[in-house]
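Colleague: With the sequences and hints as input, model every part of the structure.
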Amino acid sequence: EAGVAQSPRYKIIEKRQSVAFWCNPISGHATLYWYQQILGQGPKLLIQFQNNGVVDDSQLPKDRFSAERLKGVDSTLKIQPAKLEDSAVYLCASSLVGGSNNEQFFGPGTRLTVL
Amino acid sequence: GDSVTQMEGPVTLSEEAFLTINCTYTATGYPSLFWYVQYPGEGLQLLLKATKADDKGSNKGFEATYRKETTSFHLEKGSVQVSDSAVYFCALIPGAGSYQLTFGKGTKLSVIP
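Top line first, the protein sequences correspond to chains A and B.
So the first sequence is residues 1 to 115, counted in the numbering used here.
So the second sequence is residues 1 to 113, counted in the numbering used here.
The reader is advised that the hints may include incorrect statements.
Unchecked claim - Example chain A residues on the side facing chain B (calculated, C-beta under 8 Å, incomplete):
(1) 40
(2) 41
(3) 43
(4) 53
(5) 56
(6) 61
(7) 103
(8) 104
(9) 106
(10) 107
What the hints contain is simulated information worked out from the structure, not anything from laboratory work.
We put the CB at the ideal spot given by N, CA and C, even for glycine.
Modeller: Okay, structure coming up:
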């Protein structure tokens with residue numbers, strides 16, 4: 001079974017530029033998550049989708065971050081414009097459905113460096 | 001709010017040593033508790049979990065017991081191997097309608113031959 005795919009794996013941009021990350025979840029997984037992991041910290045949830053609807057985006061900085069999952073499968077996360085403090089690894093995860101008994105499977109992440 | 005505190009790293013052990021990584025949590029309800037592991041160059045993987053008090057999660061020789069009275073979920077392994085070198089994250093899901101995973105900061109373990 002293929003795992004969660006993410007691209008690109010690495011991205012370097014200058015501040016005020018825009019960047020987009022892509023995630024393809026495990027086939028059949030209805031729930032998709034985006035996390036931000038700053039160096040030396042644990043991942044922090046940015047947004048959770050159930051199919052193509054947003055379940056939780058309370059920690060998403062909506063002035064610069066946006067995410068979509070138009071057809072309930074792939075998802076993109078965008079940052080516009082980027083700031084230095086956005087340097088982090090962006091992790092995508094998926095699960096069959098939401099809930100504490102449904103394991104979240106993580107992708108390898110995209111490492112973003114903002115100069 | 002809900003939070004997880006785990007021991008600071010890095011932790012360096014010799015092969016076959018006993019491992020304990022401490023984890024305590026703060027939650028208003030009855031959370032489910034998890035340990036995730038991140039091997040070098042790989043994504044996060046679920047190592048074990050426990051969903052109610054006194055449950056013991058176990059996998060690959062690792063164990064953790066959900067202790068409600070001490071709000072703890074310490075990770076233990078009797079004899080570590082070099083292949084256990086990784087970063088370990090304790091995490092919780094609050095439950096009661098909230099299914100957001102909240103992670104600790106992670107503990108880096110290095111096992112030397």
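Colleague: Hint residue 40 of chain A vs chain B: min CB-CB distance below 8 Å?
Modeller: Holds - the Cβ of residue 40 of chain A comes within 8 Å of chain B, reaching about 7 Å at its closest.
Colleague: Would you check whether residue 103 of chain A satisfies its interface hint, that is, whether its CB is within less than 8 Å of any CB in chain B?
Modeller: holds (5 Å)
Colleague: Holds or violated: residue 43 of chain A as interface residue toward chain B, Cβ cutoff 8 Å?
Modeller: With Cβ-Cβ at 5 Å, under 8 Å, it holds.
Colleague: Tell me if residue 53 of chain A is really an interface residue toward chain B, meaning its C-beta lies closer than 8 Å to one of theirs.
Modeller: Where the cut-off is 8 Å and the nearest Cβ of chain B is about 14 Å from residue 53 of chain A, the hint is violated.
Colleague: With 8 Å as the cut and Cβ atoms as the points, is residue 41 of chain A at the interface with chain B?
Modeller: Given a least distance of 5 Å, the restraint on residue 41 of chain A holds.
Colleague: Taking the least C-beta to C-beta distance, is residue 104 of chain A closer than 8 Å to chain B?
Modeller: OK, holds: residue 104 of chain A within 8 Å of chain B, min 6 Å.
Colleague: Quick one, is the residue 106 of chain A hint okay against chain B at 8 Å, beta carbons?
Modeller: Residue 106 of chain A check passes; min Cβ-Cβ to chain B is 4 Å, inside 8 Å.
Colleague: Under 8 Å is the threshold here; is the Cβ of residue 61 of chain A close enough to any Cβ of chain B for the hint to stand?
Modeller: violated (16 Å)
Colleague: Regarding the hint that residue 107 of chain A lies at the interface with chain B, is the smallest CB-CB distance below 8 Å?
Modeller: OK, holds: residue 107 of chain A within 8 Å of chain B, min 6 Å.
Colleague: Tell me if residue 56 of chain A is really an interface residue toward chain B, meaning its C-beta lies closer than 8 Å to one of theirs.
Modeller: holds (6 Å)
Hint violations for this structure: numbers 4 and 6, all remaining hints satisfied.
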